[in-house]
Amino acid sequence: MDPNVKRKIRLVVALSAAVLLAVALIYTSFSASSQAKEPSDLVHASPGQSYEMTGVVVPGSIHHHGSVLNFRVEDRDNSKVSIPVKYRGEIPDPFTDGREIVVTGSVVNGTFMADRDSLITKCPSKYTTQAQQDPQHVIITN
Amino acid sequence: MITLGFACLILAFALAIFAAVAALIGTRGDRRFVDSSRRAVYAFAALLTICVIIIEAAFARTDLSLQVVADHSSTTTPIFYRFTAMWSSQEGSLLLWAWVLSLTSSAVLFATRNKHRELAPWATAILMGLGTFFTGLMLFDANPFARLSPVPPEGVGLEPLLRHPAMAIHPPMLYTGYVFWAIPFAFAIAALITRRLDASWIRSTRRFALIAWLCLGVGILLGARWSYSELGWGGYWGWDPVENASLMPWLVGTAFLHSIMVQERRGMLRVWNVTLICMTFSLALLGTFLVRSGILESIHAFGESTVGGPLLVLIGVVIVGSTLLIVSRLPDLKSEKRIESLVSREAIFLVNNLLLVGLAAVIFWGTFFPLISELFTGSKASLAAPWFDRYTTPLAIGLVLFTGIGPLLAWRRVTWASARRVFRIPLAVATVALVLLLLVSDAAHKPWALALFVFAAFAIAGLAQEFWNGAAARRRLSGESMPVALVGIVTRNRRRYGGYVIHIGIAVVLIGIAASSSFQTTSDFNLRPGQSTVVDGRKITYVKPTMSVDKLAVTPGALLRIEEGDKTFTENPSTSFYRLTGQGSSGIAGYFGGQSDSSIGLQAGWGHDFWSAVRPDISALQRRARSADRGFAACVRGGPGTPPQCKALGAMMLAARANPSLRSTALAQIENLQLLTAERVAASYLSESPAATFKVIVNPLVTWMWIGGLIALMGAIIALWPTRGRRRGALVRTEADAQKEAKYREIRDAELDHASGKLSDEDYALLDAELRREAVEILDRLEANGNGNGAHANGDQALPNGDGTPEKLKQS
Numbered sequence: 028m029d030p031n032v033k034r035k036i037r038l039v040v041a042l043s044a045a046v047l048l049a050v051a052l053i054y055t056s057f058s059a060s061s062q063a064k065e066p067s068d069l070v071h072a073s074p075g076q077s078y079e080m081t082g083v084v085v086p087g088s089i090h091h092h093g094s095v096l097n098f099r100v101e102d103r104d105n106s107k108v109s110i111p112v113k114y115r116g117e118i119p120d121p122f123t124d125g126r127e128i129v130v131t132g133s134v135v136n137g138t139f140m141a142d143r144d145s146l147i148t149k150c151p152s153k154y155t156t157q158a159q160q161d162p163q164h165v166i167i168t169n
Numbered sequence: 012m013i014t015l016g017f018a019c020l021i022l023a024f025a026l027a028i029f030a031a032v033a034a035l036i037g038t039r040g041d042r043r044f045v046d047s048s049r050r051a052v053y054a055f056a057a058l059l060t061i062c063v064i065i066i067e068a069a070f071a072r073t074d075l076s077l078q079v080v081a082d083h084s085s086t087t088t089p090i091f092y093r094f095t096a097m098w099s100s101q102e103g104s105l106l107l108w109a110w111v112l113s114l115t116s117s118a119v120l121f122a123t124r125n126k127h128r129e130l131a132p133w134a135t136a137i138l139m140g141l142g143t144f145f146t147g148l149m150l151f152d153a154n155p156f157a158r159l160s161p162v163p164p165e166g167v168g169l170e171p172l173l174r175h176p177a178m179a180i181h182p183p184m185l186y187t188g189y190v191f192w193a194i195p196f197a198f199a200i201a202a203l204i205t206r207r208l209d210a211s212w213i214r215s216t217r218r219f220a221l222i223a224w225l226c227l228g229v230g231i232l233l234g235a236r237w238s239y240s241e242l243g244w245g246g247y248w249g250w251d252p253v254e255n256a257s258l259m260p261w262l263v264g265t266a267f268l269h270s271i272m273v274q275e276r277r278g279m280l281r282v283w284n285v286t287l288i289c290m291t292f293s294l295a296l297l298g299t300f301l302v303r304s305g306i307l308e309s310i311h312a313f314g315e316s317t318v319g320g321p322l323l324v325l326i327g328v329v330i331v332g333s334t335l336l337i338v339s340r341l342p343d344l345k346s347e348k349r350i351e352s353l354v355s356r357e358a359i360f361l362v363n364n365l366l367l368v369g370l371a372a373v374i375f376w377g378t379f380f381p382l383i384s385e386l387f388t389g390s391k392a393s394l395a396a397p398w399f400d401r402y403t404t405p406l407a408i409g410l411v412l413f414t415g416i417g418p419l420l421a422w423r424r425v426t427w428a429s430a431r432r433v434f435r436i437p438l439a440v441a442t443v444a445l446v447l448l449l450l451v452s453d454a455a456h457k458p459w460a461l462a463l464f465v466f467a468a469f470a471i472a473g474l475a476q477e478f479w480n481g482a483a484a485r486r487r488l489s490g491e492s493m494p495v496a497l498v499g500i501v502t503r504n505r506r507r508y509g510g511y512v513i514h515i516g517i518a519v520v521l522i523g524i525a526a527s528s529s530f531q532t533t534s535d536f537n538l539r540p541g542q543s544t545v546v547d548g549r550k551i552t553y554v555k556p557t558m559s560v561d562k563l564a565v566t567p568g569a570l571l572r573i574e575e576g577d578k579t580f581t582e583n584p585s586t587s588f589y590r591l592t593g594q595g596s597s598g599i600a601g602y603f604g605g606q607s608d609s610s611i612g613l614q615a616g617w618g619h620d621f622w623s624a625v626r627p628d629i630s631a632l633q634r635r636a637r638s639a640d641r642g643f644a645a646c647v648r649g650g651p652g653t654p655p656q657c658k659a660l661g662a663m664m665l666a667a668r669a670n671p672s673l674r675s676t677a678l679a680q681i682e683n684l685q686l687l688t689a690e691r692v693a694a695s696y697l698s699e700s701p702a703a704t705f706k707v708i709v710n711p712l713v714t715w716m717w718i719g720g721l722i723a724l725m726g727a728i729i730a731l732w733p734t735r736g737r738r739r740g741a742l743v744r745t746e747a748d749a750q751k752e753a754k755y756r757e758i759r760d761a762e763l764d765h766a767s768g769k770l771s772d773e774d775y776a777l778l779d780a781e782l783r784r785e786a787v788e789i790l791d792r793l794e795a796n797g798n799g800n801g802a803h804a805n806g807d808q809a810l811p812n813g814d815g816t817p818e819k820l821k822q823s
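Here the protein sequences come in this chain order: L and G. Here the first sequence is numbered in our numbering, starting from 28 and rising by one per residue. Here the second sequence is numbered in our numbering, starting from 12 and rising by one per residue.
I should point out that these hints are in silico values taken from the structure, not numbers from a laboratory. Honestly, I wouldn't trust all of these hints.
What the hints assert, rightly or not - Each computed DSSO-like pair below joins lysine-lysine, with the alpha-carbon atoms no more than 30 angstroms apart: (1) G:Lys-555 - L:Lys-33; (2) G:Lys-457 - G:Lys-578; (3) G:Lys-348 - L:Lys-35; (4) G:Lys-754 - G:Lys-126; (5) L:Lys-113 - G:Lys-578; (6) G:Lys-562 - G:Lys-658; (7) G:Lys-348 - G:Lys-754; (8) G:Lys-126 - G:Lys-345; (9) G:Lys-578 - G:Lys-555; (10) G:Lys-348 - G:Lys-126; (11) L:Lys-33 - G:Lys-348; (12) G:Lys-578 - G:Lys-550; (13) G:Lys-345 - L:Lys-35; (14) G:Lys-658 - G:Lys-345; (15) G:Lys-457 - G:Lys-550.
Turn these sequences into a full structure, and let the hints guide you.
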């Protein structure tokens, strides 16, 4: 076969593989993703949809019942709205009152049913700006 | 001292600007400016070294008047972690970036001081442009020498989670990895500007690229190891944005390291190579940016930071600038050669390159999907691990397959006869591995893992065969014993065999990843002391609770007994609750209300790891501590019926309020009482022994990830080890010398390929003749330029042979 034709065929094959991969990426990523929401968006959310919720753990709301963890999460900017969360699985070390967390799951009857092991705590006070927001550091800065 | 440090920083900034400007003037040909700019780079490195020493000294003695120290360290921080606290801060990590940049720039400019008269000034200008940017960022945005007034009595301290030995190496390794990519990038841009697009920029910076690749890889693996030993960090890999950010430049950099070989050998893939290095460096900057900006949700530290904006501008400039430059140089980048056959090493390299870049593209899309989704749908949405796994698994498996095939093929073309010869044994090994796995393991249920195991067996067998054939060929020629011959071929062909060792290491790492991710058993359960449960055939008993208390933390734990067949061992996972900082003011409850950090129990083994963590329930302790605080307050107030000790303490506090000189004694006494009470409260955990939540993981073959990493590290060291011996007398001074050396190496490689059966006789004859013709051309050029000094007159006029005996060149 003419080497130039061969090269063209190869190029077309490679490009179509790349295009296929790109289409698959785009298609699956929009269907497999979970929307990022805050508690106030989720109080009246429709069931069945998967959400990634970011918020702050309401102080004093953490209760363990066997291996189930119950707590409430409110918006980052301290709105009065909070949503109860039921969670099972790994609890990251920094998880505590007032910590900012990210958790994935769905909403059933006003309760956020979290996916197993989906709880992530945002890394605590590594940097100044965050250190000063952290309640435990207030003692020093005051 | 601090003033001196700040002065050094200002001076370093000025010098960086001077070096860049002088280098730019020097590009017109005035050597004085070039030499001057190079010396300015050395001085820049010296000044930043002083800055680093001053900052580290301030951390060592906890100079709290320095903001960066007060925010990230404290007098109670252990000395080892005081040094590491520097890069937990934004200012400190920028300083680290600039410092590593200054050192590596000095190294590369020193190494090339007599070469690259055209490239070096442009490269200097680019590197010092970066130096100006990062020192400027510190001066105007994140000054590590900023002072605090008034000086606080105590610092914030290093975050407990960061108190891990890996903290000492993981961040600096990653930064070194990121920064070292700047060197090949700067030379690539210089080559584009000057249109000197042969392989000379690659030859001078290959070593730096390899170091960058190595450091980044070590940093990633250390991070994985660290994350593996923490609870809640998603095991050794969690597709966290910052993890991804470090993996992307590593993948594209791996592709770059392979495809530059094709350019060195065959002069092909020039556009691809400059594109890859520009991508790698942009991704390295992006990695720095992601850690600093906090635009994506991650478990890594993210305060809102001010340097995100400038970094983004820099990334934009790098991407747009290099793209425009590459496009404008496209005609110069056209290579005269083409891939001759799809069954050749360069063709396999290209396929592997595409797989690596494909992997990076998938990870890029997944990592930035929250931003992409916000752009199109108006709301952020993110992708979790299963999505990443779906794409990266098949791509990684393809990568292993082609990694196995590549080294078996010779450059240019391979006849089917010789291909059959070299593929026979690896294919047989792979088949045996497949049958064995199907018979004795349950790998059949996990087709992806099975495929990876089989391909890895194929790759490792192929590489072992390479070592065997190479050593055997050498033994035939020299009559040495097999081990001596093996050492001989490795030391004489460090790049090739070091590379093979790296491949073996990576194959082992991937086996560990595939096995541990496909066959692990995870279990969460709640137990009271004395109770037991069964996980994956192992009986786990919660024997008894443990507790330790010190000034920093209260650490409840659990003693576990694990019966595994006829083996019994114990583990003692625990969780430390760090006392709230700001001693004295937080009371007894402060001992139980702070940040927690668990320490896992890990029984590592060749076959599998047993990983355990405990989440103790301390709510009863917290209640008790609060009531103790109330009791304490009541006692000091001195109501009716208070014991005499309380009255004494109350009197002392009143006295201290009046007389400040008594304050410290009073505080110390209160502190002491609180500690004693906290110990009493903590001891009740042992007697009450509430139920605790456990998480255990049985992780097969995970140890091999770390072993594979060590093998790859060894391979990289072999490949990086400076060549010496035969050419000690003839230093590689000029670019022409380097070309000559490269051609010699090609001839030796072809000989080795022929001797080990990879090249058929006729292919070898053709290839050898062609290489020797090219070598003669280079030698003629050397002589015509008058570079032929004494060294060339004798031994170097002859070309090497496989065993090192010279053979007269002009005969061929």
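Structure-based check of all given hints:
Pair hint Lys-555 (chain G) plus Lys-33 (chain L) does not hold up; C-alpha atoms about 72 angstroms apart against a cutoff of 30 angstroms. Distance hint between Lys-457 (chain G) and Lys-578 (chain G) is fulfilled; the C-alpha atoms sit about 29 angstroms from each other, no more than 30 angstroms. With a C-alpha separation of about 16 angstroms, the suggested pairing of Lys-348 (chain G) with Lys-35 (chain L) holds against the 30 angstroms cut-off. About 18 angstroms separates the Cα atoms of Lys-754 (chain G) and Lys-126 (chain G), which keeps this hinted pair within 30 angstroms; it holds.
Between Lys-113 (chain L) and Lys-578 (chain G) the alpha-carbon distance is near 38 angstroms, which puts this suggested pair outside the 30 angstroms criterion. In summary, the hint linking Lys-562 (chain G) to Lys-658 (chain G) is supported, as the alpha carbons are separated by about 26 angstroms, within the 30 angstroms threshold. About 17 angstroms separates the Cα atoms of Lys-348 (chain G) and Lys-754 (chain G), which keeps this hinted pair within 30 angstroms; it holds. At most 30 angstroms may separate the alpha-carbon atoms for a hinted pair to count; Lys-126 (chain G) and Lys-345 (chain G) meet this at roughly 25 angstroms.
With a C-alpha separation of about 20 angstroms, the suggested pair Lys-578 (chain G) and Lys-555 (chain G) falls inside the 30 angstroms cut-off, and the hint holds. A hinted pair counts as satisfied when its Cα atoms are at most 30 angstroms apart, and Lys-348 (chain G) with Lys-126 (chain G) qualifies at roughly 27 angstroms. For the hint linking Lys-33 (chain L) to Lys-348 (chain G), the alpha-carbon distance of about 16 angstroms falls within 30 angstroms, and the restraint holds. Restraint check for Lys-578 (chain G) and Lys-550 (chain G): the C-alpha separation of about 11 angstroms stays at or below 30 angstroms, so the hint holds.
Taking the CA atoms of Lys-345 (chain G) and Lys-35 (chain L), the gap is near 17 angstroms; set against the 30 angstroms cutoff, the hint holds. The hinted pair formed by Lys-658 (chain G) and Lys-345 (chain G) fails the criterion: a straight-line CA distance of about 91 angstroms is larger than 30 angstroms. Proposed proximity of Lys-457 (chain G) and Lys-550 (chain G) is supported: the alpha carbons are some 26 angstroms apart, at most 30 angstroms.
Against the hints set out earlier in the document, violations occur for numbers 1, 5, 14.
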